[in-house]
Amino acid sequence: MSSRSDDLYLVLSEADGASSEQKMQEAARIFAKDCGIPLSNVDPKTGTLRVARTITGKPFFPDCAQIKFSVSHSGTYIICAVSGSEVGVDLQQHTRMKGETEEEALCRFRKIAKRFFHEEESQFVENGNCDDFFKIWTAKESYVKFTGQGMDSHYGDFSVMPEDRTLLSSRFVPNRPVQWDAMGLCFTQMLIEPDYTLCICTRGKKNIVVLHNI
Amino acid sequence: MEEQLLEFVKDTIFQVTGQRGLDYETDFVKDLGLTSFDVMNIVCIFEDHFDVDIPNRDVWKLRQVKDVINYMIQRGITQV
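Heads up: the sequence lines are chains A and B, in that order.
For what it's worth, the numbering used here labels the leading residue of the first sequence as 1, then goes sequentially.
For what it's worth, the numbering used here labels the leading residue of the second sequence as 1, then goes sequentially.
One or more of the hints may lead you astray.
Simulated crosslink set (DSS-like; lysine-lysine; CA at most 27 Å straight-line) [said to hold, decoys possible]:
#  : chain 1 : residue 1 : chain 2 : residue 2
1  : A       : K33       : B       : K61
2  : A       : K205      : A       : K33
3  : B       : K66       : A       : K58
4  : A       : K206      : A       : K33
5  : A       : K45       : B       : K61
6  : A       : K98       : B       : K66
7  : B       : K61       : A       : K58
8  : A       : K206      : B       : K66
9  : B       : K61       : A       : K205
10 : A       : K205      : B       : K66
11 : B       : K10       : A       : K114
12 : B       : K30       : A       : K58
13 : A       : K98       : A       : K111
14 : A       : K58       : A       : K205
15 : A       : K98       : A       : K114
Because the hints were derived from the structure by calculation, they are not lab data.
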């Protein structure tokens with residue numbers, strides 16, 4: 001497989017008992033091998049790269065600055081995004097509480113949106129359906145994972161909405177990505193199954209290579 | 001009051017995540033693996049039920065069950 005370090009590897013795995021860190025280490029190994037990045041600083045005992053965290057909790061490889069990553073898990077899946085430049089990824093299953101109807105779930109999502117989202121985003125959810133909530137949710141999460149700021153008191157201060165809102169209001173088709181720019185960053189979003197939304201936040205468009213079940 | 005709040009936290013966690021078996025020392029992320037989405041759902045349930053606002057800056061300080069209980073008591077919650 002030919003590859004360049006400005007590609008983005010997206011590794012989707014079923015949560016088969018392995019931790020998200022194990023999956024991420026494996027994804028990083030594949031990316032490094034394909035991109036010709038030498039992994040000279042791996043722990044000789046475990047064969048893994050050391051992981052450190054920034055003050056806000058964003059994980060990174062302190063001994064291998066050429067590889068950036070982001071991990072998310074939801075439901076039965078773990079997703080790892082690995083790239084040569086900063087990346088944020090979020091996956092969210094469209095869950096409902098026990099015994100909750102779709103209408104009740106939507107009411108709950110609108111409440112969360114009103115409480116935590118930017119006004120523009122909240123308005124979009126107010127006029128939309130459950131899927132629309134998860135479009136905004138995963139985009140916001142991928143953004144805060146990209147920046148490393150996490151979910152702080154500014155979570156409602158920024159908007160991930162594209163200028164052309166029709167991009168988000170259309171019904172998504174599984175595995176067909178939708179892409180837009182907001183806040184100088186690129187958001188790539190797709191359904192990976194009818195009830196899982198995925199969003200990747202990068203600086204500029206990336207060539208996304210999807211790998212399954214490593 | 002602490003015990004009533006503990007029961008309320010237990011019920012709320014079960015409602016949102018389907019998980020049981022927590023105590024005062026349980027850590028929401030390390031022990032239960034709660035995601036941001038779970039946490040926001042839980043915050044909304046607490047705010048609705050107790051009619052309080054929980055600022056975002058406080059949300060992420062509440063790491064363990066006992067932190068939530070102490071926080072609610074400090075906020076003047078006297079009835080569940």
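Taking only the CA atoms, is the gap from K205 of chain A to K33 of chain A under or equal to 27 Å? holds, 22 Å
K61 of chain B paired with K58 of chain A [C-alpha distance capped at 27 Å]: With Cα atoms ~17 Å apart, K61 of chain B and K58 of chain A stay inside 27 Å; holds.
Hinted pair, alpha-carbon criterion (27 Å max): K98 of chain A, K111 of chain A. Please report holds or violated. Given that 27 Å is the threshold and the Cα spacing comes to 18 Å, the pair holds.
Decide if the proposed pair is consistent with the structure: K30 of chain B and K58 of chain A, CA atoms, cutoff 27 Å inclusive. This hinted pair holds, its Cα atoms lying about 16 Å apart.
For a C-alpha distance cap of 27 Å, please report whether K33 of chain A and K61 of chain B respect it. Status violated; Cα separation ~40 Å.
Within a Cα-Cα threshold of 27 Å, do K98 of chain A and K66 of chain B meet the stated pairing? holds, 26 Å
K206 of chain A and K33 of chain A: Cα distance at most 27 Å? holds, 19 Å
Starting from K98 of chain A, check that the Cα of K114 of chain A is at most 27 Å away, please. holds, 23 Å
Measure nothing beyond the straight line between the CA atoms of K58 of chain A and K205 of chain A; if it is 27 Å or shorter, mark the hint as holding. At roughly 22 Å apart (the allowed maximum being 27 Å), K205 of chain A and K58 of chain A satisfy the hint.
Regarding the pair K45 of chain A and K61 of chain B, is the alpha-carbon distance no greater than 27 Å? Judged against 27 Å, a Cα distance of about 35 Å means the pair is violated.
Given hint K66 of chain B paired with K206 of chain A - CA-CA distance at most 27 Å: Violated: K206 of chain A and K66 of chain B sit about 44 Å apart, past 27 Å.
Decide if the proposed pair is consistent with the structure: K205 of chain A and K66 of chain B, CA atoms, cutoff 27 Å inclusive. violated, 45 Å
In the structure shown, a violation is registered for the earlier hints numbered 1, 5, 8, 9 and 10, in ascending order.
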